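Chains as they are written, first to last, in my numbering: chain A, 716 to 1162; chain B, 1432 to 1557.
Mixed in with the good hints there might be a few duds.
Per label pair, the in silico range of CB-to-CB distance [as the list claims (entries may be wrong)]:
#  : chain 1 : residue 1 : chain 2 : residue 2 : range
1  : A       : D894      : B       : D1555     : 36 to 42 Å
2  : A       : K942      : B       : L1508     : 25 to 31 Å
3  : A       : T834      : B       : D1524     : 45 to 51 Å
4  : A       : P1096     : B       : D1452     : 50 to 56 Å
5  : B       : L1435     : A       : K911      : 53 to 59 Å
6  : B       : K1542     : A       : G989      : 55 to 61 Å
7  : B       : E1551     : A       : D946      : 44 to 50 Å
8  : B       : G1467     : A       : L742      : 55 to 61 Å
9  : B       : D1555     : A       : T834      : 48 to 54 Å
10 : B       : D1478     : A       : E1012     : 34 to 40 Å
11 : B       : L1435     : A       : K1062     : 53 to 59 Å
12 : A       : I821      : B       : D1452     : 53 to 59 Å
13 : B       : E1513     : A       : E1017     : 29 to 35 Å
14 : A       : E1017     : B       : E1551     : 42 to 48 Å
Below, computed lysine to any residue pairings styled on SDA-like, alpha-carbon distance capped at 25 Å [stated by the list, open to error]:
#  : chain 1 : residue 1 : chain 2 : residue 2
15 : A       : K999      : B       : V1486
16 : A       : K999      : B       : F1461
17 : A       : K942      : A       : F1097
18 : A       : K948      : B       : L1474
19 : A       : K1004     : B       : V1510
20 : A       : K1000     : B       : S1517
21 : A       : K1037     : B       : F1461
22 : B       : K1494     : A       : G1021
23 : A       : K1004     : B       : P1518
24 : A       : K999      : B       : K1433
25 : A       : K999      : B       : E1519
26 : A       : K1075     : A       : I797
27 : B       : K1527     : B       : F1461
28 : A       : K1000     : B       : F1461
29 : A       : K1037     : B       : E1476
30 : B       : K1433     : B       : P1518
31 : A       : K942      : B       : E1476
32 : A       : K1037     : B       : V1486
33 : A       : K942      : B       : D1478
34 : A       : K1004     : B       : D1478
35 : A       : K1004     : B       : K1527
36 : A       : K870      : B       : K1494
37 : B       : K1494     : A       : N865
38 : A       : K948      : B       : V1477
These aren't lab readings, by the way, just hints derived from the structure by calculation.
None of the values given here were measured: they were computed from a predicted structure.
We put the CB at the ideal spot given by N, CA and C, even for glycine.
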Amino acid sequence: MHPYLPLTEEDKKIMLEKIGISSIDDLFSDIPESVRLNRKLNINDGMSELEVESYIKDIAKSNKSCEDLTCFLGAGVYDRYIPSVIKHIISRSEFYTAYTPYQAEISQGTLQAIFEYQTVMANLTGMEVSNASMYDGATACVEAAQMAANVTRRKNIVVSKTLNPEVRKVLKTYLRFKDLNLIEIDETSGVTDIDKLKDELNKDTAAVIVQTPNFLGLIEELQDVEKYVHDNKSLLIVFCDPISLGILKSPGEYGADVVVGEGQSLGNSMNYGGPYLGFLTTTKKYMRKIPGRIVGETTDSEGKRGYVLTLQAREQHIRREKASSNICSNEALNALTALIYLTTLGKKGIREVAYQNVQKSHYAFKKLIESGKYKAVFDKPFFNEFVVTSKNSVGDVNKTLLENKILGGYDMEKQYSSYKNSMLLCVTEKRTKNEIDKLTSVLEGIE
Amino acid sequence: MKTLKELLYSKDHEWIKVDGDKAYVGITDFAQDSLGEIVFVELPEVDSEFSKGDVFGTVESVKAASDLCIPVSGKILEVNEELVDSPEGLNDDPYKNWIISIEVSDEVELKDLLDAAHYEKICDKE
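Isolated chain B (complex conformation) (with noise of 0.2 Å):
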């Protein structure tokens, strides 16, 4: 299982990139791994906001469907479209692939999250 140092994840899964105003989300290398095949990704609207976990959108792979849930509370930004067509891109590079990019309206949230280290025991558990 890989993780990246400089990422910050939740209990759901979801890895969060803050960059300046601006933060990608998108799902690791862990939950991939168990989804398996994914087939669809359903992606929220632009200008849409979501409360910190929320469900913002769903992954559907060849045995399950999940919802995704947002780390911290945010607008949407930016949805990844690529993913539309290309919905495999999360099995093949999760961290590169983001979903979604929101603006964080409460960067104090930010706080509840996970580093690497501490994310990894959770996996290790599940």
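So here's chain A without its partners, still in its complex pose (with noise of 0.2 Å):
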């Protein structure tokens, strides 16, 4: 396929005279004859990019999207209505190409975009300073451990079980290569053990992490843990979906002195994975061991209003070596795409659908309860997520819903394994009444 014009024999000829050899082949003249393949490639003709297009397309169809599907599947990735006016402004190339714009005399319009998401989501967090952004809820909670190990000079970081497993996993992975251990605190009846997350503090941790809404959908009470991790001169950070906080209270109402988090819930799309937006915020106190790039709004020298990357020494720049990160890279574009997504939605828009997210969950987890085939397995509060249980399998049960159509729950066992068929739902705000009707007459249809 070629829908541009390669070189021709003229161009050829020119660059072959240039090099000063006669052919093509000359170039492989050091490859001896007997190892020469001396045929074509097995493999097919060419086809026209008509042909490729239409290949493709029909490879693709074999794929089911949440476009054909009704998405009941949650986990750390959420299905959520997405205003189009957020593709219509990061489509703009003055931010959809630009790259680590971060130079003031260039990059006002950017920088300013930065400045105002670190605002939202200090607000929304309930802090007092966040960062740029960061790649992804994971990576951006392992900085926070990191961070707390540098406050602290202590080597421990206790983690809940509740914790998401995956964001789990990157800590392990990162933690191994950073001299700090990683403790894991069982849950108990689908929230952390406090107990025995009051046994682990000692002189050693830096930090305690734990997650609000949890994994396993529950609200996690840390008023408690707050006291515990203060008195022991720990750190607290918390781990939350930032829609949950449209109705929840922020974690720095109850004391966190970190939070960290996914940021795909705003307004960003699934994406297959990535790329996602880690987001950070912590308190003054902190605000010169934060990871990441920082921006601050100043005054010109004709006093005019700006924007600056700020707060340098930290990272690598001066104090490379001693930095408590060097990272320096941000999602700008997944920032600017939750910055939109929440000055479009304001105060109000985003109680409301977290609000959505509470009435709708609550519903279809009311629903299954009542027509008795399926249980509940834990009893406490939850935001948008639930866990039920029935004799059927997930595997099973997920296949019966993909043949109406429907992507079911998660399977816990795969990673909490006493919870047998047992399945984590999500209900967002973007699930009607019918589709939620729909989910709980199939499911309650599975014999």
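If you follow the hints, you should be able to join the two separate chains into one complex; please do so.
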């Protein structure tokens, strides 16, 4: 397929003359005749652009996306409503194509957007400072752990097993090479076992990481945990779904030191695993220990408002070997997406989204329990995800759902072996009453 | 460059003033002059303990960030909170504006420090 004109024979001739050989074969004269293939490769002939397009489209049709299926799967990534204004703004080439656009002289628009992103994230999480964003929730969590170790000069990171298993895996990978220890705390009835957590706190504990709403969907009670952690002079790191903060108390209000999480929820599509958006916010006290970039507002020599990278002594420019982290990348386009999402919705809008998540998921939960065929696994408040169990395997249940164009829940047994035939279902604001009713009637119909 | 006769100095440009059981630690006039306009001082936690030469904090100026190294081993008794809001105090009067006070764990270590005359000689070479 040649949708453009490649080299002409004349071009080739000029190039060969220039390097002083007469044919392309001469370039391979060092390769002995005996090992040469001396025939064409056994691959199909080329296709025209039109043929290639239709061939690839045919293959793509066997994918099932959330356009084709009704999604009740969550577990860290969420099928949410994305206002159409987002794609119009982020696809502007000033935003879309710029790479590391940090130079104040030429990047005021991008820097202002990052500054505003930091402001909304700090407000949403109830914290004072935000960085310019990170790769994803998992790496933001790692950076928070390293930051805590740096602040406290301690080596142990205590993490609840109710934290997303994939995030814990990434933590494990990084901490191994940072000479830090990862200590996992069991869950009990779906939430962090606080007694066990208390037992693990000692003078080596740099931080405790808890997720709320946790991976099992439940809201963790953190008031007491906050007290124990701070009495021990450790840092409390809270990992959360930013949408849940539309209705739940912000981590800043109950004393978190660092708040991290996955910002995919904020207007970013599911993207087959990435690019996503890690956010990290903290208090003024730890402002100089924060990893990554921070944009600050200032005035120029004429007294006009302007934006620049600030507090850079933290990172590689000045103290590379001493910095708590050398990461400099952010996810500017995804951060911009989150900013547009949050400003489009506004304070009322995000509360409404969160409220709908609670209402719809509780409606689905109630209907399933009433059917008698599904039992609740936990008896605690949840946000938009819950676990139910039945006599059938999750694999079988999901197969039936898929036949009905429904993407079913997450098989808990994959990561939590004691929960057999248990499915983590997620209901976001995007699901309608009809869709939920269809889900429950299909589920009830499974013998 | 100003030094005070009654103080002891480290090669890392910190001064220490022993006052009974307690000792005050700050940075020297030479240090503040080399750093330039100081914009931030990171202070340690009270009660934390450091061994001689350990980094107990940082000072950040408009052109550099430098570690603060403790001249002798000890436990932090007080930190000068005024520096949080007015870090420029270290430029204005580095000998009056101490950074931490400590309980010295081993007085023998004081013997390794320099007097004003020796310290000045070191600075002259830099």
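For each hint, the structure was consulted:
no. : hint                           : verdict
1   : A:D894 to B:D1555: 36 to 42 Å  : 41 Å, holds
2   : A:K942 to B:L1508: 25 to 31 Å  : 27 Å, holds
3   : A:T834 to B:D1524: 45 to 51 Å  : 37 Å, violated
4   : A:P1096 to B:D1452: 50 to 56 Å : 54 Å, holds
5   : B:L1435 to A:K911: 53 to 59 Å  : 55 Å, holds
6   : B:K1542 to A:G989: 55 to 61 Å  : 59 Å, holds
7   : B:E1551 to A:D946: 44 to 50 Å  : 47 Å, holds
8   : B:G1467 to A:L742: 55 to 61 Å  : 59 Å, holds
9   : B:D1555 to A:T834: 48 to 54 Å  : 50 Å, holds
10  : B:D1478 to A:E1012: 34 to 40 Å : 37 Å, holds
11  : B:L1435 to A:K1062: 53 to 59 Å : 57 Å, holds
12  : A:I821 to B:D1452: 53 to 59 Å  : 58 Å, holds
13  : B:E1513 to A:E1017: 29 to 35 Å : 34 Å, holds
14  : A:E1017 to B:E1551: 42 to 48 Å : 45 Å, holds
15  : A:K999 to B:V1486              : 21 Å, holds
16  : A:K999 to B:F1461              : 30 Å, violated
17  : A:K942 to A:F1097              : 23 Å, holds
18  : A:K948 to B:L1474              : 16 Å, holds
19  : A:K1004 to B:V1510             : 19 Å, holds
20  : A:K1000 to B:S1517             : 16 Å, holds
21  : A:K1037 to B:F1461             : 23 Å, holds
22  : B:K1494 to A:G1021             : 21 Å, holds
23  : A:K1004 to B:P1518             : 18 Å, holds
24  : A:K999 to B:K1433              : 35 Å, violated
25  : A:K999 to B:E1519              : 19 Å, holds
26  : A:K1075 to A:I797              : 18 Å, holds
27  : B:K1527 to B:F1461             : 14 Å, holds
28  : A:K1000 to B:F1461             : 29 Å, violated
29  : A:K1037 to B:E1476             : 19 Å, holds
30  : B:K1433 to B:P1518             : 19 Å, holds
31  : A:K942 to B:E1476              : 18 Å, holds
32  : A:K1037 to B:V1486             : 11 Å, holds
33  : A:K942 to B:D1478              : 20 Å, holds
34  : A:K1004 to B:D1478             : 21 Å, holds
35  : A:K1004 to B:K1527             : 28 Å, violated
36  : A:K870 to B:K1494              : 32 Å, violated
37  : B:K1494 to A:N865              : 23 Å, holds
38  : A:K948 to B:V1477              : 12 Å, holds
Comparing the model with each numbered hint stated earlier shows that hints 3, 16, 24, 28, 35, 36 do not hold.
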